[in-house]
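Asker: Everything in the sequence shown is counted per full-length UniProt numbering, starting at 1 for the first residue and increasing by one.
Be aware that one or more of the hints could be misleading.
Stated by the list, open to error - Straight-line C-alpha distance at most 25 Å; calculated SDA-like pairs for lysine to any residue:
id : residue 1 : residue 2
1  : 42        : 148
2  : 316       : 207
3  : 106       : 148
4  : 152       : 179
Derived by calculation from the structure, the hints in this document are not laboratory data.
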Amino acid sequence: MGNQLQQAASKPEVFLLYEGGEVAEELRRSLTHVRVAPHVRKIPDHAFEDCDELIGLQLNEGLQVIGYSAFEGCKSLRSVTLPSTVTELSRSAFRDCSGLTEVQLKEGLQVIGERAFYGCKALRSVTIPSTVTTLGKRAFANCISLFDLQLKEGLLVIGDAAFIICKALRSVTIPSSVTTLGRGPFFYCMNLSEVIFLSGKRLLNQEFFTRGIFSEDQGLLNQEEIKEMLFVDDNKFAFYGCPFTMVKISISWAVSERMTRLSHEYILSVEERIHNLGLLELLQDGACFPLVRRAPDNETKYFTYEVLDTNLETAKNIYQVLQMIAFYELKESSILIELALWKSIIDRGGDRACRVAIPGPAKILLMEYCGFAGFLRHSRDLRRQQY
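Modelling step: build the complete structure from the supplied sequences, incorporating the hints.
Answerer: This is the structure in structure tokens:
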């Protein structure tokens with residue numbers, strides 16, 4: 001057989017690709033099924049480009065790279081399942097496969113190149129594995145039927161115009177691992193009505209969560225990080241042309257981190273009180289902040305956008321939850337304080353009044369609780385007046 005493309009004797013329409021093989025031009029218009037041999041590591045660039053009748057594709061374990069435009073323009077292809085060994089989808093690998101409705105990407109995939117699925121107009125759902133760190137430019141651009149998009153933690157960069165004109169997309173959740181949104185990754189997703197950011201640790205004011213410091217002047221948002229994430233150099237909004245009016249930012253991380261410091265008994269108590277206070281939805285869905293759009297004026301050619309830090313009610317509710325957790329933490333720390341007192345009395349050989357050094361963990365919890373309870377607000381105000 002040699003290193004060439006072999007035609008199966010029993011089924012003339014089924015072709016077996018061997019390492020280094022090529023598709024003869026006279027076969028491109030009639031080829032309907034392709035099976036890639038297990039020892040093939042890379043499908044060559046342009047290998048099956050414009051095979052209009054290709055409807056069946058079997059990719060075996062062992063394959064690592066799908067080359068540049070390898071299946072571009074295969075309009076009859078309906079489904080693609082990548083083996084777990086594939087690490088790279090090169091540029092335009094499945095571009096303009098207009099009949100493609102299903103794609104299964106496996107953990108292990110690392111690179112989704114530029115325009116890899118550009119113009120796959122029938123594609124309805126896609127899950128990006130956690131091993132993918134960068135989505136190339138226009139990777140899923142003009143996938144007008146895409147409505148279910150799952151981005152896994154591990155993704156770092158969403159490239160320029162990665163999902164531009166995905167008209168069916170209604171909701172998107174940006175993982176906390178994402179550090180960079182390129183130029184207009186979601187431009188003109190005209191039905192996108194919900195955007196949730198899981199990176200609350202980065203986008204929200206950390207002093208509020210760690211020390212209980214909050215003021216209306218300072219706000220709950222970290223505006224510098226918001227601008228860096230949502231706006232590119234020319235101040236163009238990453239979601240320009242999308243209709244949503246609220247930005248949701250996850251806060252569940254703040255509560256879950258604090259809850260891990262409590263005993264099981266206290267965790268149940270806090271969860272019950274959160275439920276009774278009607279704050280469960282807030283913790284699950286995230287804090288909402290208004291997105292304002294302003295029409296172009298003499299100085300700007302485009303609409304301008306701003307995320308407003310006006311949701312004081314949300315801040316108060318979060319504050320209430322953190323205050324409650326701090327109270328239960330303090331109750332647990334009181335055991336350490338009592339032990340320290342008894343140890344001091346025993347060491348001094350009596351029950352006379354004595355000064356005791358509070359253990360470090362208990363001291364931290366005391367200060368945190370005082371912050372959330374407002375005991376330190378007066379001293380903070382005095383310090384501000386002095387400066």
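Asker: Taking the hints in turn, state whether each one holds.
Answerer: Hints and how they fare:
The hinted pair formed by residue 42 and residue 148 fails the criterion: a straight-line CA distance of about 30 Å is larger than 25 Å. Between residue 316 and residue 207, the direct Cα distance comes to roughly 15 Å. Compliance with the 25 Å bound is thereby established for this hinted pair. For the hint linking residue 106 to residue 148, the alpha-carbon distance of about 17 Å falls within 25 Å, and the restraint holds. Between the alpha carbons of residue 152 and residue 179 the distance comes to roughly 13 Å, so the proposed pair stays at or under 25 Å and holds.
In terms of the numbered hints stated before, the structure departs from hint 1 and from no other.
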